[in-house]
Amino acid sequence: MKAKLAAVALLLATAACGADEPGAADDGATLTLWTRAATEAVSKAYADAYNASHRNKIEVTAYPNEEYPAKLASAAGAKSLPDLFASDVVFAPQYAAQGLWADVSDQFKSLPFKDSVAPSHVRAGTWEGRNFAVPHTIDLSVLLYNKDLYVKAGLDPEKPPRTLREFAEHARKIDQLGGDVNGTYFGGNCGGCVEFTLWPSVWAAGGEVLEADGRSARVDSREMAEVFALYRDLYDQGVASPASKGEAGPTWLGALQGGKVGIAPGPSVWLDAIEAKGVKTGIAPIPGINGGESTFVGGDAIGIGATSGKTQQAWDFLAWTMSDEAQVEVIAKRKGVPVRTDLAANKHSSADPRLVTVNGLVAKGKTPYARNFNATFNDPQGPWLTTVRGALFGDATASLMAGNEAITKSLRQE
Amino acid sequence: MRRRAVSGALYATPAAVLVGLFFVVPLLLVVWMSLHRWPLLGKPRFNAPDNYTAVADHALLSSAAWFTVRYTVLITLLLFVVAFGLALLVQNRRPGVGFFRTAFFLPMAVGFASASLLFLGLLSEEIGPVPLTGDSPALGSAVLLVLWRFAGFNMLILLTGLQAIPVDVYEAARIDGATRWQMFRRITVPLMRPTIALVLTMMITGSLLAFDQFWILTRGGPDNSTTSLVMVIYREAFVRLDLGSAAGISVVLLVLLAVVSSVQLAVLRRRSA
Amino acid sequence: MSRWSYYVTGTALAILFLFPLVWSGWASVRTDTGFGAENYARLFSSANGIRAVHVLNSLIVSALTVTGTLIVATLAGYAFGRFRFPGRDVLFLLTLAILMVPYATILIALYVLLGWLGLQDSLVGLSLVLIVFQLPFSVFMMRNSFEAVPIELEESARVDGCSSFGTLVRIMLPAVRPGLVTVGLFAFLTSWSEFFAPLILLNSTGKFTAILAVVNMRTASHGSIDYAALEAGVVFMAVPCLVLFAFMQRSYVRGFTSGALKG
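Residue numbers (our numbering), protein chains in the order written: chain A, 8 to 421; chain B, -7 to 265; chain C, 54 to 316.
So here's chain A without its partners, still in its complex pose:
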């Protein structure tokens, strides 16, 4: 048995890592690409356009969002990662640190448009100064508001709030319409939702939630506490829908599509999905307590699987996805946010001024960077969600102080 064991261990330690075949980057290779269900449509749109104009062929496989990280980890453990895989951009530092993606620093630096590739995304895919991933899709947090309810409440639908306090006022006014209308809505049982929608207000006020090296938390800062307090009041006063407390993410969009919520922070990509249900929707940047604006630059990053033997061909695809052609004709055409700041205004976005506003936020926003981001902030068992629940529904001051310590500890855990 010992021999068998040793064999397995040896296999784990040394298998795969095939050498690169020399040859052209577009030589008709078949490349596998993994993505999560939420990003599947975009990944497939890229793949279809690329396959139509190249000899290489991209094959997309999508996995359920929740189980996707487990799938990636087991494939990595068995040294059989796909040629390309995308992941939630906030997980990128962890995957880069674990060596799950191949180093693409040299290729990336030779791109003519490298300086205009969404900087916070590029930073997320960096580990120890080397680039491992590039942006795949961008999803920004914005304020989404119901124009019809604005009119009903006597508010000007063309004047969205400029400060977070104004946001709360608007929400209160709309809530007074009564019936089943609520002023606002948030994902109070979802760490990912809260960081995505509340942190921009902290940033807009000049505050920070995380130190730049991703090893210390600052959730006990004055800026963060003020933002939590504002949302907490909205919930206590019944302005935020009571369902906000239990919202873990899955029914968040549904709540906004119902047309009974006045104004709420959420992903910019939902604009279409909400309007498709006949809810006239306005979009505005997320402000700080007393002004300013920022956004959480979310979405997915993509890199080349470290065990792939086709890195040249895979890079050919990645470089193409960031090109003017792909960003305008694939991403902008389906009303997505281009991953390049120099393409914020393009022939498709100019048709809808709201999109230009959104696209322009990419340069102003941030993507938080921490190796242990998922385990600390997004995982429901992480310390951030406990902190959020305390700050919104429990003893706020104590939770933020204890939470800061727990989060810092989790960020530093090896």
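There may be inaccurate statements among the hints.
To be verified - Each computed DSBU-like pair below joins lysine-lysine, with the alpha-carbon atoms no more than 35 Å apart: (1) A/340 <-> C/260; (2) B/35 <-> A/116; (3) B/35 <-> A/354; (4) B/35 <-> A/371; (5) B/35 <-> A/64.
In short, the hints are calculated from the structure, not lab data. A quick note: this is a predicted structure, and the numbers were derived from the prediction, not measured.
Using the hints, position chains B and C against chain A.
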């Protein structure tokens, strides 16, 4: 007789090969991993006994262990009472008994993942006829799901135990003037002990390893109130990407389960021998 | 218990147990405008819905798993129930111990092993794993079934000059048929509806089983669940098993009687 031993061993060979290859080898690998810091890619580094000492002061793990134990006690009690009640109800041949047995057992035919999804809809506020709201509906939903799906299965096993008790034992007791409760206490329970032990072992093992129902229905929330032990293992392996730690916790859990089960098996053996 | 209270209690409980099944069927055909097959249409036609190939894969995996489980468990049950050989008890306990290992732990190791055997991303590899996880129940069941067969039956066969294999095929198999049916049914149920193993062990859309597509529906458009299509998926996955279990009630009750009795 030697030849019989050889043929017996031959018949057992396919099972032995499968169990060896797909259970023993991976299991040894897990033990081996638990002695290392084991990155997904790259070289493992020997660090024993770090992964085991870490188990002791793992805050989430201790709350998960406490929850899992309470859940196990709760489920085992409820499930046992319900299943035994159902078994008593359908033990005699009467018209319609087949329908009742089938009705109680049928939920078992829905796979566990599908059943969890079914309950996700059933208990949802959006389309569910019985939306579970309130402050801690999470545990309730998981308990309902498990009771619904597994009561019939356990009923069936208990039923076989009930039916194996010879009718004349009851007759003799009745002639002696025993009440129904006395017969249950003195005849049914003692004679069913092996079956009861089997059912309890399966319930306890299943509950201590509970994962799917929480993963799909509650994600461990709210506030980690339904985070089970296996969810912590999952988090160590697939969120923290620390395979060594996940393996360490698994080994500890496995040893505990083996102890619990062998105690129960010992009871079972003694009584049935 | 009086006849009256027996029927009232039984009926009330039966309604409780059947309610979720009936409800999911109802929810799966309910639409915004009334009733119809729209939810099923979405289940099968949306970008990440169920495809014919997924159903075919599920059928292949189920066929392989049921056949494999029946063969392995029958032989092992015969060995454990009728023979003494060195290592018998250890192997039996090891088989039962499979129940005690958390899935999450062993999957990475299994993934590695399948790669080693050249069975990564393969329906055969997945079936092998499913067979192994089916063994504790099946071997236990078959061992008890074989033990319950009267010794005289076997002896008469031996007198007739049957080898042990001949005895198995001609005398024993018919005698343990209820056990076989039960083991086969449960193997089908598991392989048809198992979610985690195919998720981890299969790598390409063309190899996916139907349940993966159904679970994908849960998260397809993030931020909202298409509950109606989800329930349609649940019904689609459940119906084959429900039909089998409903019609074979007699067989598996007998299987349990002969198989689950002894410890």
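To see whether the hints hold, each was checked on the structure:
1. With a C-alpha separation of about 32 Å, the suggested pair residue 340 of chain A and residue 260 of chain C falls inside the 35 Å cut-off, and the hint holds.
2. Straight-line distance between C-alpha atoms of residue 35 of chain B and residue 116 of chain A comes to about 29 Å, which keeps the hinted pair within the 35 Å bound.
3. Proposed proximity of residue 35 of chain B and residue 354 of chain A is contradicted: the alpha carbons are some 50 Å apart, above 35 Å.
4. For the proposed pair residue 35 of chain B and residue 371 of chain A, the alpha carbon gap of about 40 Å is over 35 Å, so the pair is violated.
5. With a CA separation close to 33 Å, the supplied pair residue 35 of chain B and residue 64 of chain A stays within the 35 Å bound.
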